[in-house]
Structure formats: C-alpha cells, structure tokens
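There are 4 protein chains.
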Amino acid sequence: MDFAFDARTEELRAQLLEFMDSHIYPAEHVFEEQLAERENPWSAPPVVEDLKAEARRRGLWNLFLPGGAGASDAGGHGYGAGLTNLQYAPLAEITGRSPHLAPIALNCAAPDTGNMEVLAMFGTEQQRKQWLQPLLDGEIRSAFAMTEPEVASSDARNISTSIIRDGDEYVINGRKWYITGAMNPNCRIFIVMGKTDPSAEPHRQQSQVLVPRDTPGLTVKRGMKVFGYDDSSHGGHAEVVFDDVRVPAENLLVEEGAGFAIAQARLGPGRIHHCMRSIGIAERAIELMCRRTLARTAFGRPIAEQGVVQDWIAESRVRIEQLRTLVLKTAWLMDTVGNRGAHTEIQAIKIATPATVEWIVDKAIQAHGAGGLSQDFPLAEMWAGIRTLRFADGPDEVHKRSLAHRELKKYREAR
Amino acid sequence: MDFAFDARTEELRAQLLEFMDSHIYPAEHVFEEQLAERENPWSAPPVVEDLKAEARRRGLWNLFLPGGAGASDAGGHGYGAGLTNLQYAPLAEITGRSPHLAPIALNCAAPDTGNMEVLAMFGTEQQRKQWLQPLLDGEIRSAFAMTEPEVASSDARNISTSIIRDGDEYVINGRKWYITGAMNPNCRIFIVMGKTDPSAEPHRQQSQVLVPRDTPGLTVKRGMKVFGYDDSSHGGHAEVVFDDVRVPAENLLVEEGAGFAIAQARLGPGRIHHCMRSIGIAERAIELMCRRTLARTAFGRPIAEQGVVQDWIAESRVRIEQLRTLVLKTAWLMDTVGNRGAHTEIQAIKIATPATVEWIVDKAIQAHGAGGLSQDFPLAEMWAGIRTLRFADGPDEVHKRSLAHRELKKYREAR
Amino acid sequence: MDFAFDARTEELRAQLLEFMDSHIYPAEHVFEEQLAERENPWSAPPVVEDLKAEARRRGLWNLFLPGGAGASDAGGHGYGAGLTNLQYAPLAEITGRSPHLAPIALNCAAPDTGNMEVLAMFGTEQQRKQWLQPLLDGEIRSAFAMTEPEVASSDARNISTSIIRDGDEYVINGRKWYITGAMNPNCRIFIVMGKTDPSAEPHRQQSQVLVPRDTPGLTVKRGMKVFGYDDSSHGGHAEVVFDDVRVPAENLLVEEGAGFAIAQARLGPGRIHHCMRSIGIAERAIELMCRRTLARTAFGRPIAEQGVVQDWIAESRVRIEQLRTLVLKTAWLMDTVGNRGAHTEIQAIKIATPATVEWIVDKAIQAHGAGGLSQDFPLAEMWAGIRTLRFADGPDEVHKRSLAHRELKKYREAR
Amino acid sequence: MDFAFDARTEELRAQLLEFMDSHIYPAEHVFEEQLAERENPWSAPPVVEDLKAEARRRGLWNLFLPGGAGASDAGGHGYGAGLTNLQYAPLAEITGRSPHLAPIALNCAAPDTGNMEVLAMFGTEQQRKQWLQPLLDGEIRSAFAMTEPEVASSDARNISTSIIRDGDEYVINGRKWYITGAMNPNCRIFIVMGKTDPSAEPHRQQSQVLVPRDTPGLTVKRGMKVFGYDDSSHGGHAEVVFDDVRVPAENLLVEEGAGFAIAQARLGPGRIHHCMRSIGIAERAIELMCRRTLARTAFGRPIAEQGVVQDWIAESRVRIEQLRTLVLKTAWLMDTVGNRGAHTEIQAIKIATPATVEWIVDKAIQAHGAGGLSQDFPLAEMWAGIRTLRFADGPDEVHKRSLAHRELKKYREAR
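Residue numbers (full-length UniProt numbering), protein chains in the order written: chain F, 1 to 415; chain G, 1 to 415; chain D, 1 to 415; chain A, 1 to 415.
Watch out, some of these pointers could steer you wrong.
Identical chains blur together in the list; that is why a pair holds if it fits in one copy or across any two.
Straight-line Cα separation of at most 20 Å, EDC-like style, residue types lysine to aspartate or glutamate; simulated pairs [to be verified]:
{"id": "1", "residue 1": "225", "residue 2": "150"}
{"id": "2", "residue 1": "225", "residue 2": "32"}
{"id": "3", "residue 1": "410", "residue 2": "239"}
{"id": "4", "residue 1": "52", "residue 2": "150"}
{"id": "5", "residue 1": "221", "residue 2": "39"}
{"id": "6", "residue 1": "225", "residue 2": "256"}
{"id": "7", "residue 1": "129", "residue 2": "139"}
{"id": "8", "residue 1": "52", "residue 2": "28"}
{"id": "9", "residue 1": "221", "residue 2": "33"}
Everything labelled a hint here was simulated from the structure, so no lab data went into it.
Using the sequences and the accompanying hints, generate a full structural model.
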C-alpha cells in the first residue's frame, strides 16, 4: 500500500498546474466577457480554441483516454495518452478547479470523453474514422441521448424511443431531454439509446445508434435549464425530437440489444472523471471560503474567526479528504480488477460525491453573503452543476438500492 | 388556547382560495408566455395588472397592512384592511402557493409591503401623499436599498454609504446591490439606508432617506442573479450606484440616526409574511412531489411506493406542521405583546423557515428527476428563492448568535 | 386562535412549579442516595411515597385522566381531575424536567396512565373496582405486555402469544419483553395482548386480558437494559414468560378481537404525555447546557462564547419552540375533533419528538465533556430514555410510512 | 499509488481472521457468563487469560508496537512486532469486531498500548525494566491520568493537578476522573499529568510522572459510568484522588515541562488504533443489521426489503469505505512523513470516525427494534463506546478549530 503519486503523474500534475496558472485562470474573465458578446448564444467563446491549441501543444491533450498511441495491451486502443485511471484522476481533479475552461481546453470534457471511449471500444473502423478522429482532434463535439421527459429514465426498461429496422436503415422515433452539449451547433453527432426489441429480456431491449446532427427528422428543440442556468458555454442541455429519423444500418453500435451493456461500459470511467472534477470544485470553494472570510469583518473581527465558519472549513477538509482517497482507490480498482470488480466503490463515490461537494459549496456560498448567489463568483453555478449529479446516470436512490442489494447478498448466501 | 381560525379569517381564506382557483392558477401559464414576449426584459407581464384589478374588485387588497380605513387604535393608521398579523398570516400562506402571481395580485408583495408599512408608520403627510398613496393603489413600485457589495452588511455598523447634510439637501454617495425590484422601470422610489454620523454610537449612525428613481446621480447599473435567475418578473435585484445624489432635506425619514430603528420596525411583519408565504411554497412542493411520484413508475411500481420517497413525504409533513404552528403563534405574540415581546419567536421562525422549506423543495426536486431542475416546473426557481432567505435580513448565523445570547442571559442573570 | 393558557391551566402550572421547587428538585439527590441503598434492587426509594402523599394533599393527583369526579359528559368517566388534554399537556411538560420523580409523584407515570385510561374506558365494574381503584390511589403499579422478542412487534399481525379459551378460562402462552415496570414487585397487574383468533382479519385477531402478577405460569424472568441502564427506579423492563397461564374468562377486556382497537385508543393520550414530558427534558437539558458552558473556561473565555456552542443553544430553542406548539395543537385537536381527527398530528409529534429532543440532549452532553456521560448529571440517562421513543409504540419508520400513505391518498383520490 | 496490502499484512490478516473465528467469537458468550459470575466486579473474566496465552503462542502479540525485537532503525526500539502503522492498521480493524476481547487478547488494548509506547520512547532503562516489561508480557495493566472533573481538560492549560518537587521526591495533589482501566486491581501503574510550573509558557507547564497504584495518598474512589455502562470488564473509568502522593524524583518522565510533548507523541498512533478498531465495530454493526433485517418480517416482507433500511445499509457502506481509506492513508503518512506531517489527516480521522461509526451503529440499533438497546446484542454498548470518542483526547470542536486554523493559514500567508 502506497499513497504517493507515481513519477508520470507528478510530472503531469506539475505541467498541468503550471498551465492552470499561466493560461486557464487568467482566461476566466476573458471567457465571461466573450460569453456576453457571442452572436450565437450557444457557441463556445473564441478563447476556448486558443486554450485548446496551447494545451495540445503542451501535450496536455486527451489525457482521459486509456491506451497510448503505440499501446498494444488489452485495455489500450491506441488513441489516448496511455494513462491509467489512477494516473488521470488527480489531473481531472485539477481541471475541476476551473470547470468551464480546463476540461474542454484539454479535450477532456463530458460528454465527449464518454462518447470517445465508446467509439474507441466499440466503433467500427469506419465509425472511428468518421467520428472518433475529429473528436480526438477537438474539431467537433458530440452528445449522448438517453434521458426522456415522459418516463423515469433511471429504469432502462422505461425508455420509450423506438429504433426499428427497416431494410438497410434504422428508423428512430422519440423525445429526449437534458441532452448535454446538443445546443452547440458544432455538436455534430448523437449517440442515441432506444429500444429495438421491447419483447427481449430487460437488458437486451436497448440499442445505440449514431445519428448525425443534420439527419432529417432530428429537431433540437430548446435548451433545458438547471436552476436558471442554460449552460450555454458548453452547449446547454437540449430537448431533442426524433421524428422518423432514418440512419443507415451500419450506424448501429455493436449489435441490436447491446445498448444497455454499452451504457454500462461508459459509466465507470465517466464517474471517476465527474467525481475527481467535483473534488476540484470543492477545493476551489474551500479556497474562496477561506479568502472571503479572512477578508471581511463583522462584529469586530474577521468572519474567519467565527466558530461556526471554522466548523464549516474543518468539516469541508475532513469530508473532502475522505472522498478523494476513496475515489483514487476506485480508480486503482478499475485499473487492477476492472469496472465490475470496482462496482461497489464506483457506486459509493457516485453517491458520496454530490452530497459532499454540494454541502461544501453551500457553505462557501453562505460565507459569501449575497455575493455567493451572484454571477460575480463561480459558487452558485458550481452548486447547480453539482446538484445535477444527484440525478445524472441515475438518481442516488437507485444506486443506493442496488448497493444495498449487493451488501445484503453476502448474508443471504451465507445463511 | 384555541387553534381555530376566527370567522373573519375563515371568510377571507375562502374568498382567497376561490380567487386562486378561478384566477391565479389559470394565469400561471399565461404569465410564463408573456414573460417570454416582453419588450422590456424587466417589466411585469400584462396579466399581472388584470389580476390586480380583479383582486381589488373582490376586496383582496392590501390585506397585509394593519389598521383599517377608519381605524383609530394605536397600531392602526387608517390605510389597511384592518387585519391582525394572525389574521393575515394564513392568507399570506395561500399566496405563497403561487409566489410570482398571488402576492403581487393582492398588492401584498415584498418589498412594497415593508416600504408601505414604513411610510404609514413614519412618513410625513407629504411623504405619504406622494409615495404611499400610489403604492397603496398599486400604481408604482418601490425598493429598499440597504445591502452593499463591499462590506458584510449583516453588521449595520459596516454600512459605508454616506448621507451628508448640505444646506437644505442630503448628498448620498455609495454603492448598493441586491436591491430587489429596482430593475423594474416602474419602481419609482428608493428608501436608502446610509450613514449620517459615523461617530455616533453604533445604532444611531444610520439614517434613511427617500430617493426618487430619476434623481440625477442615481444609476441602476445591472441585475444581480440568484443562481441563474434574474427574477425579472418582479423587478430583479439591482446593483445601484449613488454618485453625489441630492435630495431635499425633507426626504429624510423621521430624523437623523433613526435608520437602524426604522429598519428593525420593518422586520417583524416582513418576516412573518416571508415565513407564511414560504410555507405555502412548501405545501405546493409537497403536492407536486405526491402527484409526480404517483404518476411515474420505475422498477415495476409507482415511485410513490418507494420507502425513501414516503420518508420524504412524511418528514415534509412533520416539519411543515411544526413550523406553521410556530409562525402563527409568533403572529399572535406580535399582535398581543408587540414585536419586542416576540423577539425570540421572530428569530426562531426566521431561522427555521428557510432550512425547513429548502429541505422540502429539494426533496420535491429529487422526486421529479431532471424535470425538477427545469423551467417546466416551478420547483428549482422556488428553491433558489428560498435559499436566499438564509441571508435576507441577515444570515442565519447572526440571528442564531443573537438568540443564543438571549437564552444565555437568563442564566447569566440568575447566577 | 389564541395561544394563551386558560386560567385553570395557569393556576395548576403555578401550583406545580411551586411543588417542583419546594419538593421535587430537592428530592433528586435523596432519590439517588436511596437508590444506592435499596434492599430490593427493583423497588422505588421511599422518598417517592413521601412525594406522592404531598402531591395528593395538594390536589396534584391523577391530572392526566380526563373526566372529573362528577363529570357526566361523553368523554368523562368520573375518575380524573377533569382536565382536557390541552390543559394537562403543559403540566406534563413540567413533570418532564424531573422525569424520574415528578410523574410518579403525581400518579401520572407511564405505563400506569395508559392502563388506567384503558380500565376507565373499557373495564367492567368489577375490573375497575379491583384494579383501577388501587391504581388511582397509587397503591399498586401495572404493566402492559405487548412487545415480543421473537417477532417484529410493530406489525400487530406478528404477535405470537396465544390466548385460548378453555371453558371458563383463557390460557395464555408466549414470551414478552421490554415490559416496562414489571420488575417492580408492586406491579400487581398485567394487561396482556395476544391472539385469540389467528384466522380473523388482521385487526380482529388480537385480544387483551388482565393477568394478576401472581398467576401460576407467569414468570418475570429478567430485567432488559437500555444502554446499560436497568431503569430499576421505575420497575425496569422485564422479560416475562407466560407458560399455560390461566385466568377467568371475565378477565378479558371488552371482547375477543378488540385487542387492536383498545391498543389504538390507548396511544393518542399516551403520546401527548410522552411528547410533553420529553419537551420538559429538553428544557432541562438546555438549562444545564447554558449553565455549564457559562461556568467553564477554555482557551481564554467561557465555553458559552464559542460560536459552535451558541449555535447549539439557538438551534435547540428554535426546534423546541416549534415542537411544543405543535404538541399543544395536537392536544387541542384531540379535545375538539378526537383522536381519529388528530391522527396526522399525533403521528407527526410521535416522529418529531424523539428526533428533536435526542439532538438537544446530545448537544448538552457534548457541552459537558466527559461529565455528560456520567452518573453525576442526568443527561446521559435522559438521552437513553429519549432514544427508546424512536421505537416505543412502533418505530418511526412505520409511522412515517403510514403518514405518507395518508398524504398520498389526498392526491390519489383527486385524480 | 497502490491500495493492496503487502504480503506481511496479508499473512497476519489471515492468521488473525483465523484466530477470530476459532477463538475470539466462540469466547464472547463465555465472557458474558463469566462477567456475571466474577467475585471482584472490576476484574477481567478468566477466559481473557486463556485467549492471551493462545494469541501469544500464535505470535499475535504486541503487534501495535513499532520496531521489532532486533530492530535498529530510527523508529524502532526493539520491543514490538516490527510492524509499521500501515501494517498494523488493518489488524486493529479486525480486533474491533470483538472490541471487548480481541484487543486485550493480543495485548493491544488501550490505554496500555499508549502507555507502552510512551515507556518505550521516553522511559529510562530502570522504568522500562520495572513497568514496560510486565506490560509487554501482559502481566499487569496501566492507566493514563489526565482528565479532571473540575476543569475543561481539553485546554491543557486548565489542568490543575500539581506536581511539586520536594527534595528527592515529587508531591502530587489533585483529582482526576474517567481514568480508564484504573478500577481493575491489576492496573499497577499510573502515568499522571500535572503541572510542575504554572508560570512557564503554556505548553511547558506540564509534566508526567509514574505513580504505582499502592502509593500512599492515591485513592481510586469510584467507577464513572458511560451512559449506564461501568465498563468493568476492562477496568472501568475511575475517579482518582491524589492527596500528597509522594514518588521518587526518578519517576519523572523525561524532564519537567515535557508533559505536553509526551502527550502529543502518544496521540498519533493512539488515534489510528481507535479509528481502525471503530471501523471494525462499524463492520460488525453492518453485518448485524443485514442479518437481522433479512431474518425478520413485517408487513408481509423481510425488513431488509424496506427502502429506508436499504438506504441505511448503502449509506453505511458508502461512509465506511471513505473513512477506512483515509485512515489507512493517515497511517501511511505517519510512517513516511511522521506524526507532524500527518497532523491534518490525524485530526480529520479523529473527527470523522465517531461521527460516521455512531451513525452506523445507531441505524443498526434501530433495525433491531428494542433488542438493539439490550444486553442481548452488542450494539448499544458499542454505541456508547463510540459516543465517548467525540470527547476522548479532546472534543471534536477543539480539533475542528485547530484544523480550520491550519487551513486558513495557507491563505493568510498567501495574502
């Protein structure tokens, strides 16, 4: 057992921290100004492309993707930077400190990361050439269309979008919402989850198909909001209607009935990334809370000297240290025993992260007074983003139920 | 001891409930549509004026203001509907069920209510004629400018805006923010809190002056956000700059040094109103949570049959019943022993209400899945509004400290 | 609506407060000393009888029992002090401040109170003469035997003790535990719940019979503990075995199948009493917390000046004021619309009281340092007693489920 | 970074798990029976000696003590099993599963462990020969006397026991309480903290001296309780009076003024041990909760199928995994950068452990119904033990304040 980062991680951390200081943090205000001046209210400000170019130049690019350029090992698929989950995790944390700029600058932003993983793992050569390569090059963006407004989508059996084979094509009908990134006109490709066979056993009913944005019948209808935010800087969260949308049969991923399994394969790394970035958010919130309460005075002394504020700061540190260590262990488990072997830990961090980070950011807001709610500090928007994680990839309640079943199973079998 | 409403309250409750069903709820969708079509992004949609006219016709008007038209009793000042706090409280709760429409329809919306109270209690005849009467008639709106961006405003001694006597005028310099309602161009009058004498004892340094919107030097600079909401339908929350703003000396309220006392007088009823409306919000959230979870199915049964969801519903009921009963008792205390005698209870409900209602609305959001975050349900916006109450009129932490001091004092003296 | 106590209540409160000061509090140390010197480790110390005599002399006796000596109204049955639940509630709170002495001194201690209620409401003349009268006179004590070690007793259908008719007798077989008071040799009569007809519909399977302590086959086996406490001063919590215990058929209460209904009738007033006494416990804990933290110094100032401690004190006040007001409203509802009409509120206070009071007593313990855990302060024992209320009369979880069902029913029917 | 145990740890874990199954768990009932039959109510039951002999035979002995028999490395002092903190931690967790038997069986029970560490690190050869050796051999037991009834002992400056040099002797006067283990007549040696120089700077006022139990003037007065438990099986928690107690000057540890530093040196490892054992307690509680809820039925299905119970089980798993990983990291830090370098993490686990484990054991109790409170299950006693950790070595509040100061210091310096 050893809790030190390895040399490769330390080296990349140092490079990334330098990049944050020299490029990312200084760009935050530019980004805000450019957001206000955009012509298309759903496009990314131009500073993002500058940052991407610089990050790529520095080799801080596609770090999330396992398997290096020359990798020939089982998990590797030759596209990524060759990092393990455990090596990437502390880098993802650092990008979380500037969540609107750093992940996209490194081409490590959701949902593209998950979509690239899926294409790298499951795409045909043609699919990878057509969609994976421009994603790896940061030229286009992508969306993953699963959640539906009409049903409780946490139960995959509820999915009602239909994908019907008709000759050499699949015909898609349905309505999706909260499709992150899809309002961005540069989001060119949708991976769509739907049902090919409602009569199959529950986890073989779904399939996934690739649907280019400009396919007739696909309408990106409106941006859904999150506590008033439209998240337009990273393509919003669209409601999308599929009305007799036809794609060639070769746009299917893997095979009919593989949709649920593909979705599962996508979740493990995605959760690690989300969790580590969220820890970075929490660290930034703690820093802001400390700085603000040291700088302001009430009732004759700095707010930082109030016992209740110190309690918040200490609790924040106590909670985030526990959480980070478990997330890192989970990354290690995924690397060593695989996603299935890390199932309990993946669910545990999926449940613990939003609860922990939401609490910390709430306290940082409270420590800021009214300013904490405002557009002048990143805290309120951070909070809203974290709050959505209690739903994303299924609500906490579903994961807790599943985790409890597994825990109880130990003793059920033992009887 | 008797927990039944009196006849007058029951009668008004019945009238108001009928008005909610016949006019307010049906107008909610109209309101949303008109919001999207406004020319001035900070003005109220026209349906609001229709509702005001109808409410006034029905006598559901200015119910918040104690002292009837012919009242000659001490507390009365001849303008209001003549209700006690205890009679008004359950009506305020009902308006909270549609928080963007019902309070304004009845001319019972903050911050006008507090401003009208102040003018009725402390205004000169000229001040009342010029500003109170059009407010009572719902013709104009008003703002209360206290919070400042540069200091922790919860400590009144920190207020840095200056109000300096210069001949027959006062000259005001300073910067305020989160001035609710001030983005609305029909907000015609500001009550401004500032310092006339920084060398006086702490609670005699402040004064309040009336500043008409179009006074030179007053700049309404921008709308501050609350999470991602601009709250434009009720005039937003403005940042306002006062740059050598000059008003006649007779615009002063009461006298120099009275600012803190006027602010305190304003808070008691204001808190009761906020608390009761918040309880109405919680009741609406519980209703939405029940309806949604009954209507949706996951894993083979309605979500309402999940044990955890039932726990949320039961806890919500348990908490809200406790809170409501204490708020009503507080209203009764204010009516019978006055604001000072009800100090502990007023602080208690100020602390308890946002914590309780925030928890309930959070659970209702969670029960809605992604929709709970969206613009298609009122829950996320309700949540953001309630969250601000943990700051409004001073953060919880300041009130708790004060309440604890009073509790400890019992035993300090006893020693 | 009126939150003032009526004249009768105020008068009794004054008398009771005087009795607490003059007799109860001074007896607390005597009680502790006598406990250590008892011959029978399960008997009450002699000071208890002195206090009972004095309370009775002062007319502070059997206050819990509705219906005065000459009462002829529906609810009254001619035995009690003639107080309503609303009148008795604030008196019960006061007795809670000295929970081991005051309730028993006034002959208002559980489980005798509930048993006397049941006998007054449902007993035959013979049963009342034989058992109710000596209970009213404080000459004997009694037990209610429902909970069983082998099953989850919160589901009444699980009860496995059998009560079988055999000629002119009933034969009882089964095992009960946590039978409060039964270790006291002066506990002369058991009301036993068991099944007379397992094939009847669920709520008609149970019956209740009176079983004198010295009936052959009844064995009081051992005292069950509560966090290390044996609660010997009020008769402990016994495990009791019924092995072919035979009682005359006329010992049945009401009729076969009435057991569940009798149990329900017993619960409403019992819960009000428990809740009000618990509030008295909380008030005593707050007082102890204030006194201790004012008296002790750490890091250069009284502990009472620590922000976190002030937060505890303020939160305690905020929570207890809400709870008390709802408990009083519940008492009023029971008096005016009956137990059934007050069902939601009775469950709400049953759920809220232990959660609230446990939290407060925990904070008072923490404020005392190690002493808070010890036998030198009443706090740890108070805490243990309150903790049991999360189970007593059914665990919180069962009550929440039932409360949620009722809440959901409003909307189920409305669809 | 690597989260796998090393080979030595795996080997010892296997041996210890085998010993738990073959000897410890089967002895639990024997232990309970022997407790009831003891002559001296404060002595350990004979089965404890049997287990000690067997453990020693198997080499499972003094595992807690760093530095092996032949160790010559910096940290080692030649007495222990030569394990690092990281190697010992998972073994301590396992012993926590049977907290009254396993730690003592392995001669790894507090407070002897800390006392042996202190003697090994700071004792003279004579002190080590006289007291350390019989402790290492498990022949005697020991106590650490620091907490005082009259002052808030969390502030070391408050300590009022005096240690005055008088010729070749030290004279000790004062009163201590909650001196764990001291009721056991075989507790032969006390390490006593007191003040030698009240005029020195705060952290140099205290000294520690060795006081044999039979020194005249030392009176072990009574056993303090924890909730209702006297913890007699491991020597209770004594109140001890020192009345002109005289010991030879060579009984001083290190030098005058070193008391605070010695106490600090003692705390790091002590906290790791407590935390890991507590995690073992939590794991046992989770197991009991699962087994009980699978075995009992209410309302037609096993209690384990209730959503709320599953929520408890899942939350327990989520929390304990985070906590354990951080405790292990803290052990690693202590081994690699020392106690001072691990200061934040040591405080973090000191704060997090009782909060987490108390919550889990509370839920396990609730899942057991009344039995959870009783002497028939270990849960209530486990809970009481864990509850004391929120005070032991200083209350949470003091540690949080200190931790917050360190966090704020980062930004204070940066300004």
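Hint by hint, here is what the structure shows:
1. 225 / 150: Within one copy only: 17 Å inside, 31 Å across.
2. 225 / 32: both (19 Å within a copy, 15 Å between copies)
3. 410 / 239: Close neither inside one copy (42 Å) nor across copies (33 Å); limit 20 Å.
4. 52 / 150: neither (38 Å within a copy, 36 Å between copies)
5. 221 / 39: within (19 Å within a copy, 23 Å between copies)
6. 225 / 256: Neither way: residue 225 and residue 256 sit 33 Å apart in one copy and 47 Å across, limit 20 Å.
7. 129 / 139: within (13 Å within a copy, 65 Å between copies)
8. 52 / 28: Intra 14 Å, inter 45 Å, cutoff 20 Å: intra-copy only.
9. 221 / 33: Between. Shortest inter-copy distance 17 Å satisfies the 20 Å Cα cut-off; intra-copy 27 Å does not.
Taken one by one, the earlier hints fail for this structure at numbers 3, 4, 6, listed in ascending order.
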